[in-house]
Every structure is written in C-alpha cells, then in structure tokens.
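Build out the structure end to end from the sequences listed, making use of the hints.
Just so you know, the sequences run in chain order U and V.
Each residue of the first sequence is one higher than the one before, counting from 1 in this note's numbering.
Each residue of the second sequence is one higher than the one before, counting from 1 in this note's numbering.
The set of hints was computed from the structure by calculation and includes no laboratory data.
Don't be surprised by glycine CBs; every beta carbon is placed ideally from N, CA and C.
Check before you lean on any hint, since a few could be wrong.
As the list claims (entries may be wrong) - Sample of chain U residues facing chain V (criterion: CB under 7 Å; computed from the structure): (1) Ser40; (2) Lys44; (3) Arg99; (4) Gly105; (5) Leu107; (6) Gly114; (7) Ile149; (8) His150; (9) Gly152; (10) Gln359; (11) Gly514; (12) Gln520; (13) Asn522; (14) Pro586.
As the list claims (entries may be wrong) - Covered, in the sense of this in silico footprint (three residues per stretch, anywhere, with C-beta under 8 Å from a C-beta of chain V), are these stretches of chain U: (15) 77 to 85; (16) 136 to 147; (17) 485 to 493.
As the list claims (entries may be wrong) - Pair ranges (Cβ atoms, derived): (18) Ala454/U <-> Asp187/V: 51 to 59 Å; (19) Asn65/V <-> Asp504/U: 31 to 39 Å; (20) Asp235/V <-> Ala103/U: 33 to 41 Å; (21) Glu347/U <-> Ala2/V: 48 to 56 Å; (22) His155/V <-> Gln5/U: 35 to 43 Å; (23) Lys111/V <-> His341/U: 36 to 44 Å; (24) Lys114/V <-> Ala2/U: 36 to 44 Å; (25) Phe234/V <-> Ile437/U: 47 to 55 Å; (26) Ala103/U <-> Lys111/V: 14 to 22 Å; (27) Ala103/U <-> Asp187/V: 17 to 25 Å; (28) Pro586/U <-> Val186/V: 23 to 31 Å.
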Amino acid sequence: MAEYQTHPYDVLVIGAGGAGLRAAIEAAGSGVRVGVVCKSLLGKAHTVMAEGGVAAALGNVDDRDNWKVHFSDTMRGGQYLNNWRMAELHAKEAPARVRELEAWGALFDRTKDGRILQRNFGGHRYPRLAHVGDRTGLEMIRTLQDHGIHSGMEVHMECTVLKLLLDGGRIAGAFGYDREKGHFMHWPAKAVILATGGIGRAFKITSNSWEYTGDGHALAYEAGAELVDMEFVQFHPTGMVWPISVRGILVTEGVRGEGGVLRNSEGKRFMFEDIPDLYKAQTADNEAEGWSYTQGDKNARRPPELLTRDHVARCINREVKAGRGSPHGGVFLDIAWIKQHIPNAAEHIKRKLPSMYHQFKQLAEIDITKEPMEVGPTTHYMMGGVRVDGDTQMSTVPGLFAAGEVGAGLHGANRLGGNSLSDLIVFGKRAGEYAAIFAKQNMPVSANAAQIQAAVDEALAPFERGAQGENPYQIQYQLQESMQDLVGIVRVESEMQEALGIVDMLRERAMRSGVAGHRQYNNGWHTAMDLKNLLIVSEAITRAAVLRKESRGAQFRDDYPDKDPEWGKYNNVVRRGVDGEMLVEPQPIPAMPAELKTVIEEMK
Amino acid sequence: MAQALFRIWRGDAGGGGFQDYTTTIDPGMVVLDAVHRIQAEQAPDLAVRWNCKAGKCGSCSAEINGVPKLMCMTRLSEVNLDKPVIIEPMHAFPSIRDLVTDVSWNFRVKKTIKKFTPRHPDEEDGTWRMQQVDVDRVQEFRKCIECFLCQDVCHVLREHHMHEEFIGPRFLVYAAALEMHPLDTVDRVADLKKKHGIGYCNITTCCRQVCPESITITENAIIPLKERVVDAYFDPLKKFFHIL
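Rendered as structure tokens:
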C-alpha cells in the first residue's frame, strides 16, 4: 500500500490565484475547515500577470455606466453564447467585489475627487477598469493573499493534484503529491472548488507559465463533469515577438487604452480598414476621434485598436501573412507617438505603463517612450471550461465547483479584457459560499483505497521506465507545436483532423514517458504528470472546434468563414463516454428572460 | 551557433557541488532560458522554480556569478560568457534541491505582522476617498513581487542567521506599506521594535541594490519606520517629561 499524508477538510480549493483565494476566504468566513492546494508558492499564480485592470461598472469616471451596459458589452463580446445568468450576476456584483478589495487594503489609482480611477478597454463602452498602473493583478492577488492568511485557511504550497476522488457520484476529495519532497498527499473533502486557471501550455506561443496545463479541466472531465465552449481559446493580439525567448509574453491592452496604435510595415493604421458591422456604430472612423476617446472625451467613439481581442488578433495575423509585418513577424504597437499630443509624454507613459516600460527595456532593449514595440498574437485565455450552474458554480458532479478561468460560461465565444479579474472575485466568492453550504448540508464521504492506489501506480510508472523512456519535455514540445500550427488562430477541418491523429500518437508516447532520479523536486517528473491533462484539453479543444462549423468570436474557420445564426443557438458540451471515449455534442442555449432581452435591445 | 558554459550548483540539504553544462545560445536569451535548455536536453531532473518569465512573480530568484538576481530578467548579453556562468541557489534559505530553496519562513513571518485594518468608510455607500499623492508612496511598496532577493542579501539573515529575531527587509517594506496606508488604523511600532527586530538593520542598502522592482527599501521604508520607533521610544524630551 502506498504511503501518503492525509489532510481532511470540509472544502478543498485547488488553485490559489484570484478565484481560489477569494473562494477560500469566503468559505473560511462561513466557519468550515478550508484547505488550499497550489502548484506554486502562494502569490505566484497567473493572476499576478494581469495588467490592465478589473472591470466593474462603478461609474466613477463616466456616470452613464451601470450593470446593464456592462452586461450588454459582455454578451456582445461573447457573441451571445454566454451563460446569460453569469453575465448578469457578474455585471451586478463586480462593483461590490472591487470595493471589498479596497476594504482589504488594495490601493487602486485615484480620480481627482479621490475615488477609484477607471480606464478604457477593448469592448467596454465606458471607462470601466479599476487599475493600479499596469500591475493590477499583482495588487489583487497580494490583497487576497494578505487578507486570506488571516482567515483560517490552510495552504499547501507547491502541490499538484493528480486525481479527484469520488464516493458514488459525489466528490470526496483529491489526491496528489507535494512537489518539493515528492510525498503523496490525500485531501479528503466534502466539497472541492477547482480554481486552476487555464490551458495556455497546450500551445507553443503563450502568455501562460508552466502551470497552465489544463489540470482543472482534465480533472473535472475525468471525474465525469461536463466541459463547455472548449473551442474558444483567446489569442491575445499583443504578445511580445522578440527576442525569441520572451515570445508570447503579454503586452497589456492598456497600451492601446492609453492611446497606443497599431501600424503595419507601411506605417498604416490597418485597424481602420476592417471594423465589423456589430461594432460600426460605436467605433471611430478617423484618427482624431479615436485619440479624443482615449483622452476621456465622452462624445467620441473608441479607436478600432480597441475592438475585441479576437478581431484585432486576426487583423494582425492578416497583416503579417500579407507581408506587411514587422521584422520579427509581428506588427508595430506605438505609444511613443502620443508625444505629438501631450507634453512630457515619456513621463506620462512611464507612470501609466511602468511594467511595460520595464519589460521592454530589460528584455528587448527597447524604450517604448521613444520607439514602437513589435507585437503579435499569443495564446492567452481559455473561455471554455467546466460547465457550472450560474448561481452556485457547481458542476454536473455533486460537490465539485469551479471558478475563474477553469469555469466556463461568463465569456461565451470571447472574453473582454478586464472581465477576467472581475470573474475571479465575483464567482470565486460565489463558489466559496455555495461549496461551504454544500459541505454543511451533506454527510461525510470517503474514497475507496482502489482509487488512490490507481493514482499512485500511474504516478510512479515513469520512474519504472527510467531515463530510457520517452523524454516528457519533447512530447510536450511536439504537442505545443502541433496545436499552434493546426488548431490556432485560423482553423480548417483537415488540419484539425491531423491534430487529432497527433494527439493520439502523443498519448501513446506519453504512456511510455520515463524520468530519471527521485521524486524530490523533479521537474522532469512534474512535466510527465502534466502531459495527460494537456492531451485531454487539446483533444477537447480540437473536437469542439471541428464540430462548430462556423466562425464566431475566438474561433475562426477558414473553411466556414461566416457566422451561422443556427450555431448561435448552441454551446458545444464535452464529456467522457462510458467506454472512456470523448463525446462532443451541441446543446441548446436556454432562453434568455424577457427583462435581459430588453436590456440588450436598449443598449444596442 | 554560439556556446556557453554554465556551472550550476546541484545537490540538496545533505550537500552538493557544481556541475558544468555547455549549451547553445541564441540572441536575446536570459539565464532562465539557458537553464531550461539544459533541463530539457541534458538534465531533466534539474530543479528550478519559475513561473511568469517576465519579472512579475518573483519565483526564479538565484545567485548569478555571486549576485542575487531573477534568472528571467538577466540577459546573457549582460553576462561575461568568456568565463563559466555560475548559478547558485539563494544562500539565506535552506536548500531543497539544486536551485530551489525552502522559502517557507517568509510566509510564516508575514503572518506575525498585524493585518490591515481600515478606518470607517468616509461615505455612506461604504467607500473611501483618497488622493493619488497619498497613495503614491504606498504603491511603491506594493510593487514588491516577493522574490526575497532582499532577504537573501541581508547580512542579518545571510551571515548571522537571525531568522528568529529579525523579519528582514521584505517584511519591513510590508510593515511600512501598512503603517503608511492612508486607511489603516493599527499601530505596529511596538512590534517593529520588540518582535520584528528593526534595530538589527544598520542600513547598508544591500537590499535596495538588488531589488528588481527598484523599491527604495532603505530610504523610503526602513528609515521612516526607524524614525517612528525612535520617536516612540528614544525621544529625549519625552523621556525628560516622563521622569518629571
């Protein structure tokens, strides 16, 4: 029998980014015993990378803003595939969640009258993003961390979860290992909240760190939960393209919010040439109006650089393919040009975008106050994830909840910038609240030993194969290359079928992966353990993308370049079949209540 | 293809030594890229801690040619590649394996500092009013990414191992951010003197020099805190009146 440590909880939270910490704070506050498991050290989750801000209709900068506008913006951005209940709750509750952060010590930038300052962002009609320069995510995670450590939660840092445990149909905890020592860990729990973030590591060019291997997506799938909207992967339009080693690292949309413009190699602002009909009425058709908008002119319409991310990413892709790209295969993002309009532009840029200034200066030897940046699309965010109930965040498996990026529904076919940080706190809180209630209302559960033994055997197999086995890093690289080339920004059936073949082949190879050495902080072993999750999400993304025979939001299909109104009535749902095969099927979107329909009509 | 030699410390709490690895170098690479290349091609079980690769999370702290730095923000073009590049784990913390150290002490220390406690909201809707100028100085401290390089270089911790008596520069910055927060109401001055050992710091500014976020740790955080301690405990006038 395998040796392991046991730490029982009422509620177990997997992941310690914004959603996980907010969930843990809420659950601990209601008096249940809460454990938090995270793959890295506390405070290092990807939330720290969020730059631009947190979207909430506070109306501090433009008092025309309110939840109805935010709701309609979110639905329009998501091309109406969103879970409308989540979009409604999100728009209504985000302001209270942001104010709560201030009560816990967060220090947002201020308006002249001393309130929380808000900035413009793509797809948001009014200035809506509360921010701290361009390090809003750091402010948020540190606030939650510093508040959370006094809330009674117990944190298990640098632990990876291998398997969710079940008792009958109910969740019964999780099993995994601690990365530092390699000890196996058993966390029995009456309720489990997945807050594991995204899947960026399935692609070669990504803004995500090593952690984002779709663990929560795969764990939920294996436990029998449904996934939804898996075809929708957001490629952020502006990632760094040079030097090669930082390719993919995020360049905040805040650069464009502050007046930055996109140009091709001919110096042309190409975004003016392709404004989708859905956005024509609210987009500037000349440079002067676009500039006025970024400077707070309430009567001006936004510049086309601030169209939704999916669209901007495709335009950049088109310019590069047409031979009008920058020297390293991107386009130019220029903020330095604002010196034509404002005095002390260099100081202004450094104050508004300090970490962008620092990042380019240090990693690319480029002074963004003087020269343009080179940028290109990077895999950034997963709209798809665990299918949850909009109010409680519970999945289709009783006792299993999901919040943040791993949960799906709020963003539909495409997420607006700034809606992720607000997603974390709105639905993190809800997941924590309802998981605690579930734990209080339900009897104890216990997982049988066979489930644990199976997880242990699977985890130790790579050591038995040793160094002669397949190199796990090389399998991961090949998967990333294939997904990038075959299931990326522009998709086509034949290439996606090829990708499915490669995923099958890599799964075989992953079964033969081997690692040398012992279990103590062994990165090779960790990589081998992550492969299974990456393969599951890659297959789910590809199968859902093949099935959706249209272009909508983040999915663009070369063989079906138009939006099909019929497909606008369905979400693709992925689940595991009885024989372990992956099933994907379209399911109708529930009808929207009349009052929400009216809101959307009013805001058109 | 250019090549470079990396001399990486490998071992664990029981001891270890340097091992040499030669790998190819591309333009624009940082030290962490070289470590990853070595890991993927030659030493799959080489232990290294990292996350964001953009200087924002503070995970990949190490000592490069003897200087505490973030591996992800150290470009190979600024390192002399004619000689072996020496990469070691931080010295102020116990070794776990290879470049990974046990930094859990820092997380325990933070819990001992009294938490943020705001004054009553200024407005009926539960919000506060603060001016940007009042927020600026605390925002500098809140840039901290908790890489713990300042703790690593601090001689009180590194040479004298006073982890039980002294919280180190990181947590003096943290305490300063709370003490100078426009809304906070708690007094931490007594703790700083008696529990957190602020008196051990003799302001050699080593911490400020290694901070990747360029926080003016000593001048803006520690010295003002020391002044508050002096005001509270060593003011001769106060002492005089006390005797009277």
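Worksheet item: Of the numbered hints stated previously, which ones are contradicted by the structure, given in increasing order?
Response: Hints 9, 11, 14, 15, 17, 19, 21, 23 and 28 are the ones this structure does not satisfy, whereas the remaining hints hold.
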